[in-house]
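Chain L is already provided as a structure; the job is to place chain H with the ligands on it using the hints.
Single-letter residue listing:
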Amino acid sequence: MERRTIFGHRLLPVALVAPQFLLTLVFFLWPACEAVWTSLTRQDPFGLHSQFAGFDNFVELFTDSLYRDSIGRTVFFMIAVSALSMSSALLLAVFADREIRGRMTYRTLLIWPYAIAPAMAAVLWILLLQPRIGLIGVLLNRHGVSWDYHLNDRQAMLVVVLACAWKQVSYNFIFFLAGLQSVPRSVLEAARMDGARGWHRFRTITFPLLAPTTFFLIVVNLVYAAFDTFGTIQALTQGGPGKATETLMVKVYRDGVVNLDIGSSSAQSVVLMIGVIALTALQFRFLGRGGRRESAA
Amino acid sequence: MAMLELIGLRKNFGTTEVLRQIDLSLASGEMLVIVGASGCGKSTLLRIVAGLETPSAGRILLEERDITSVDPSARDIAMVFQNYALYPHMTVFENMAYGLRIRGLSREDIAHRVDETAALLGLSEFLGRKPRQLSGGQRQRVAMGRAIVREPRLFLFDEPLSNLDATLRVRTRAEIRRLQRRLGVTSLYVTHDQVEAMTLGDRLLVLHQGRPAQLATPMEVFEHPADTYVAGFIGAPAMNFLPATLIEAGTAAKLEAGPLVHFIDGKRDGSDGKTLTIGVRPEHIRIDPEGVPLRIDLIEPLGSETLIHGRLAAPGETPLVIRLAGKAPEGDILTVAFPPEQMHVFDAATGRRLP
Ligand SMILES: Nc1ncnc2c1ncn2[C@@H]1O[C@H](COP(=O)(O)OP(=O)(O)OP(=O)(O)O)[C@@H](O)[C@H]1O
Ligand SMILES: [Mg+2]
Numbered sequence: 003m004e005r006r007t008i009f010g011h012r013l014l015p016v017a018l019v020a021p022q023f024l025l026t027l028v029f030f031l032w033p034a035c036e037a038v039w040t041s042l043t044r045q046d047p048f049g050l051h052s053q054f055a056g057f058d059n060f061v062e063l064f065t066d067s068l069y070r071d072s073i074g075r076t077v078f079f080m081i082a083v084s085a086l087s088m089s090s091a092l093l094l095a096v097f098a099d100r101e102i103r104g105r106m107t108y109r110t111l112l113i114w115p116y117a118i119a120p121a122m123a124a125v126l127w128i129l130l131l132q133p134r135i136g137l138i139g140v141l142l143n144r145h146g147v148s149w150d151y152h153l154n155d156r157q158a159m160l161v162v163v164l165a166c167a168w169k170q171v172s173y174n175f176i177f178f179l180a181g182l183q184s185v186p187r188s189v190l191e192a193a194r195m196d197g198a199r200g201w202h203r204f205r206t207i208t209f210p211l212l213a214p215t216t217f218f219l220i221v222v223n224l225v226y227a228a229f230d231t232f233g234t235i236q237a238l239t240q241g242g243p244g245k246a247t248e249t250l251m252v253k254v255y256r257d258g259v260v261n262l263d264i265g266s267s268s269a270q271s272v273v274l275m276i277g278v279i280a281l282t283a284l285q286f287r288f289l290g291r292g293g294r295r296e297s298a299a
Numbered sequence: 007m008a009m010l011e012l013i014g015l016r017k018n019f020g021t022t023e024v025l026r027q028i029d030l031s032l033a034s035g036e037m038l039v040i041v042g043a044s045g046c047g048k049s050t051l052l053r054i055v056a057g058l059e060t061p062s063a064g065r066i067l068l069e070e071r072d073i074t075s076v077d078p079s080a081r082d083i084a085m086v087f088q089n090y091a092l093y094p095h096m097t098v099f100e101n102m103a104y105g106l107r108i109r110g111l112s113r114e115d116i117a118h119r120v121d122e123t124a125a126l127l128g129l130s131e132f133l134g135r136k137p138r139q140l141s142g143g144q145r146q147r148v149a150m151g152r153a154i155v156r157e158p159r160l161f162l163f164d165e166p167l168s169n170l171d172a173t174l175r176v177r178t179r180a181e182i183r184r185l186q187r188r189l190g191v192t193s194l195y196v197t198h199d200q201v202e203a204m205t206l207g208d209r210l211l212v213l214h215q216g217r218p219a220q221l222a223t224p225m226e227v228f229e230h231p232a233d234t235y236v237a238g239f240i241g242a243p244a245m246n247f248l249p250a251t252l253i254e255a256g257t258a259a260k261l262e263a264g265p266l267v268h269f270i271d272g273k274r275d276g277s278d279g280k281t282l283t284i285g286v287r288p289e290h291i292r293i294d295p296e297g298v299p300l301r302i303d304l305i306e307p308l309g310s311e312t313l314i315h316g317r318l319a320a321p322g323e324t325p326l327v328i329r330l331a332g333k334a335p336e337g338d339i340l341t342v343a344f345p346p347e348q349m350h351v352f353d354a355a356t357g358r359r360l361p
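Each protein sequence line maps, in turn, to chains L and H.
The first sequence runs 3 to 299 under my numbering.
The second sequence runs 7 to 361 under my numbering.
Chain H on its own, in the form it takes in the complex:
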């Protein structure tokens, strides 16, 4: 059963279109991660689901009930804000109990549920403290606790980890995933962090300028990006793009840099001479004495691996990034080859993937 359904959602602020046509359906217990560049409308989408913004068009269904015009206080949705938005004048206990008191739960029930949730999040010893007496990580957990304790029908997260330091972020990320699995709450999670996007979600929605660019499992998005935007956005360092043309009745591509590559996964639609963009991830480029020469600009050693930035010494001078295991080879020039089994083929005109 669909837990949450967004149908034809749009949002304009004045004349700016922020969201254009979002259709989405979440199964019960599913965690969907929304990812996209800054300003693409992620927060706006989340706030519309929360009820804090009204959509310009479209409908929102929660458990098949239309909640488009229901006040946020009656939606039974919990949200974890980026800056946590804790009630500064209340203790941790009161912060967590606030929503339960409004629902009229008995004093014992409230104490029981808050204690249980605090134990789950390791907050038991902080229940009597005010938010300003907590560290950033502890505040973050209180914000989570305040959402969890209500047992809402839907969880919304708006970049909840972006104010934490790197170590804490990794730990909390895993914790959120475990909690979400264990509690089985349907969740929408907004982030612009690659790793969070890949690791947290059952499915990934890539937003681009207010439109869904791709909606699929994280691995599917990584392995078969729907267009050049998604291909360039997901994966770090970003995918390399090489201009090419379609030849030999759609079975091969002639790279502008020289080499000719045969598609090993079948022929592509389109007439010969059609312009293509070939995508190759940095980790898939091989060093090959037979290959194309690459002038090295910059070497970034990362310990166990090395990033090499350079330009192809062929027509077009295409910039290229390579990720190699181990140390960088000697010399200013490398010769590289593009393995056909790791190539992504896009239409240069539309940017869409050619399957």
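If we strip away everything but chain L, and leave its shape as in the complex, we get:
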């Protein structure tokens, strides 16, 4: 196809791209470069002196058992959030795809959580699950379940997974619903006439036809769970109790901002950055640039 120039001269396109480019430069590229640089240095806790340290920070990181624990925890967290969020979203989408009364209201309500800020989402969950003031928390304790996610590691992980998965349900729901609606009706009818009923029909026809959507969502959810959940976790448990909910993202913050180990924290950021780049490349590779999402991390 012939390429056509829409803009008469060169200045206009440059002027149009400039603001976005500047923002990216100042808020993304510059800090990223800075992180790469500091990851190669060692600084004293007061930030007064720094000296070049080569790859020491990285070597230390991967020999640190705490870091390896955090990787394991993060992988578990990513899988748990993605699985929970996607399966609930699929279930809800299947119901929303049916011819039911009040379908539009139901769909609209399901999209709301996506519009809520992470901190607000966390507050909602605190109001539900906090052991002394939360609706469910109080109920649990009254009925003999000793519930306190500030003390119990497993309960803390459960709460964080729940809250983070819940926030992503809307997003998954919209995609699954769109996917379900693009399954041709006549194909499902043909399956019905071939004798396939309910669950069998879903498993053999609908679900395989949803595969592209599912694959796209798996990537998006893993990225979300790894990089986009910091706000929610920080507001709920701050990574605690102990290190029970300390994902890699939380660890970067704790080590750098709280414990002022800037070198190590930067090295962790760089590792995460490579992770994001790898996942994004994967996403582009398999889904094309059409399957986009506002950049994570």
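What the hints contain is simulated information worked out from the structure, not anything from laboratory work.
Incorrect hints may have been included.
Computed footprint of chain H on chain L, listed as stretches where at least three residues anywhere in the stretch have a Cβ under 8 Å from a Cβ of chain H [as the list claims (entries may be wrong)]:
#, segment
1, 188–196
2, 207–221
Which chain L residues stay away from chain H? Per the calculated CB distances, all over 12 Å, these [unchecked claim]:
#, residue
3, ASP66
4, MET122
5, VAL185
Quick list of the computed label-pair ranges, beta carbon to beta carbon [said to hold, decoys possible]:
#, chain 1, residue 1, chain 2, residue 2, range
6, H, THR173, L, ALA17, 56 to 66 Å
7, H, THR173, L, THR26, 54 to 64 Å
8, H, GLY110, L, SER148, 47 to 57 Å
9, H, THR173, L, PHE217, 36 to 46 Å
10, L, VAL28, H, GLN139, 50 to 60 Å
11, L, PHE29, H, SER141, 51 to 61 Å
Nothing here was measured: the structure is a model prediction, and the numbers come from that model.
Just so it is clear, CB atoms sit at the ideal spot from N, CA and C, and this is done for glycine as well.
Chain H with the ligands in isolation, oriented as in the chain L frame:
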């Protein structure tokens, strides 16, 4: 024995009546073609028989068993969809085997039956392909194969040939007829194609606005259309209609265009002066020097024959289409005559045929 019986079937979508009172009975092995204009309810009727829509009233009997409220998955009816509706993620083999697997047939039985059906339809070399790797005609055959392989009690076809090109359509039409004869499966076939309607069916049901306008053999429908709608719908180019009045104690018609025609097949009921519609097919109009003058608007040469469009130069200026063998005659004016033995007489008020 009646294989399929529809009793007093009706269907409303909200306040729109789509089907009003369909009664129908199919003998075992019979192929019934349902034909009608777009939107007359053909697909709806088929989908009700399939179980994909529920009727607002009426009953469906399959081999004398009431299946009105039986789920489509338990009806043992196969359907060929207009867009084929193949399972896009499965190979041709899996598409055909799907229904058999659900019925719990053994692996060998399935392979045997699918191979046999594929051979019958010339699909053997495509068994490993996905639908998107097939041409339109091949997909159509897979859709047929998927229906045939199940050996259902009833076949439903919803315009299965409408997405094929003209040549392929003619070939597949003949193939469907041969297959249906050979397998002896009772079939309902929906189309809006004249030729399919005439050639495929043992009987023809003409639907008009959700009502059966006529149910008879194709030749019967062609030769004795029950009303002006059927007369105009079946046959291409469409039948010409001429206004007339009944005279001479019901033994003749006086055409508005002038001529007086005596009925050769007996007298019609009704008093003299009753208004009539006389139907004459384009191929039955003769050129006759004694006849009525016709002003020619348009000549369409079709090779072996010619279509002439014109208007009668008589009161009413009735438009007329004539089909002549051979070339068109010279001149702007023709004189035409209406042979009495090829006339269809309808009541102008009701549109019904006067026998
Ligand atoms: N689900 C529905 N809801 C409301 N109206 C419907 C529905 N399905 C069909 N109709 C209406 O019923 C009428 C008959 O539809 P149907 O599909 O049976 O027509 P058809 O004879 O098959 O036409 P075509 O030859 O174009 O396929 C149409 O007027 C259509 O608008
Ligand atoms: Mg239709």
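- Query: Taking C-beta pairs only, is VAL185 of chain L more than 12 Å away from all of chain H?
  - Reply: Since the minimum Cβ distance to chain H is about 10 Å, VAL185 of chain L lies within 12 Å and the statement is violated.
- Three-residue Cβ test at 8 Å for the coverage of the segment 207–221 of chain L by chain H: Coverage by chain H holds for the segment 207–221 of chain L (4 residues, Cβ < 8 Å).
- Task: Determine whether the non-interface label on ASP66 of chain L survives the test: each CB of chain H must be over 12 Å from its CB.
- Result: 46 Å, holds
- Query: Quick one: are PHE29 of chain L and SER141 of chain H within 51 to 61 Å, going by C-beta?
  - Reply: This hint holds: roughly 54 Å between Cβ atoms.
- For VAL28 of chain L and GLN139 of chain H, compare the CB-CB distance with the range 50 to 60 Å and indicate the outcome. Holds - the Cβ-Cβ distance for VAL28 of chain L and GLN139 of chain H, about 51 Å, lies within 50 to 60 Å.
- Query: Would you say MET122 of chain L is clear of chain H, with no C-beta pair closer than or equal to 12 Å?
  - Reply: MET122 of chain L clear of chain H: closest Cβ-Cβ about 41 Å, beyond 12 Å.
- Item | Assessment of proposed distance window 47 to 57 Å (beta carbons of GLY110 of chain H, SER148 of chain L) | 51 Å, holds
- Task: Could you check the hint for me, namely that THR173 of chain H and PHE217 of chain L are 36 to 46 Å apart, CB to CB?
- Result: 41 Å, holds
- Quick one: see if chain H covers the segment 188–196 of chain L, three-plus residues with Cβ-Cβ under 8 Å. holds (count 8)
- Query: That 56 to 66 Å hint for THR173 of chain H and ALA17 of chain L (C-beta), does it hold up?
  - Reply: With a Cβ separation near 59 Å, THR173 of chain H and ALA17 of chain L satisfy 56 to 66 Å, so the hint holds.
- Should the hint that THR173 of chain H and THR26 of chain L are 54 to 64 Å apart at their CB atoms be regarded as holding? 59 Å, holds
In summary, the one numbered hint that this structure violates is 5.
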